[in-house]
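*Asks:* Sequence:
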Amino acid sequence: MPVEHRWPPDETPWPEGASLAYGEMVELVTPDPPVPELGRLGPGIVGTRGVVVACVLGRGGPDSRSGPVYSVEAEDGSPWALGPEFLRSRGELHPAMPPRCRSDLPEGTRVRIRPDAGLPAGTTEAVGEVTGLWWTTSLEPPKGYTVEVGGSSFHVTPQQTEVL
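Residue numbers for the sequence shown follow this note's numbering, beginning at 27 and rising by one.
Errors might be hidden in some of the hints.
Stated by the list, open to error - DEER-style ranges, computed between Cβ atoms: (1) E63 with E188: 47 to 53 Å; (2) P62 with P39: 22 to 28 Å; (3) P121 with D36: 19 to 25 Å; (4) E151 with A100: 18 to 24 Å; (5) G93 with V189: 15 to 21 Å; (6) A100 with P59: 20 to 26 Å; (7) S45 with S178: 38 to 44 Å.
Derived by calculation from the structure, the hints in this document are not laboratory data.
Glycine included, each C-beta is placed from N, C-alpha and C at the ideal position.
Input sequences plus hints: build the corresponding full structure.
*Replies:* Have a look at this one:
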């Protein structure tokens, strides 16, 4: 019987400059009044609803913004990375949002992928490096790891990996 993997909690503090919280339900909007240098969202996107799943603070500079950038998972599963100007809080947290978690294997950990992991035909095993967690949706715990092997990425469960 498979054992459910428990991912350790991500205790990284939420950025202090963030106005939206993890799990906050939002609607995608175009800034009003418009801010030409930020651009705008198309009419088919405005009004899309989603949930905040991450936040990073931009460092500024010629090609990036300063201040918070939110990762949002829309209701259709599409991912968005937007500044607060493009998000309007719906005033509530997602009721089924899982706690933030992190990988128990740091990025760069060398692992062997077992043959039952769906490797290309004729491959008996592969060795690669963990590049992050594998999620199918942010509204559920991770499924496993993303492992890079020779320029290709594979999604594997903890049971399909062996730490070297």
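*Asks:* If you check the beta carbons of E151 and A100, does the distance land in 18 to 24 Å?
*Replies:* violated (37 Å)
*Asks:* Could you check the hint for me, namely that S45 and S178 are 38 to 44 Å apart, CB to CB?
*Replies:* At 39 Å between Cβs, range holds.
*Asks:* Using the Cβ atoms, figure out if A100 sits within 20 to 26 Å of P59.
*Replies:* holds (25 Å)
*Asks:* Could you say whether the range 22 to 28 Å given as a hint is met by the Cβ separation of P62 and P39?
*Replies:* violated (34 Å)
*Asks:* Indicate whether the distance between the beta carbons of P121 and D36 respects the range 19 to 25 Å.
*Replies:* Between P121 and D36, where Cβ atoms are some 20 Å apart, the hint holds.
*Asks:* Starting from the hint 15 to 21 Å, judge whether the C-beta atoms of G93 and V189 obey it.
*Replies:* violated (38 Å)
*Asks:* Given the range 47 to 53 Å, decide if the beta-carbon distance of E63 to E188 lies inside it.
*Replies:* For E63 and E188 the Cβ distance comes to about 50 Å; the hint holds.
Going down the numbered hints, you'll see the structure goes against 2, 4 and 5, while the others check out.
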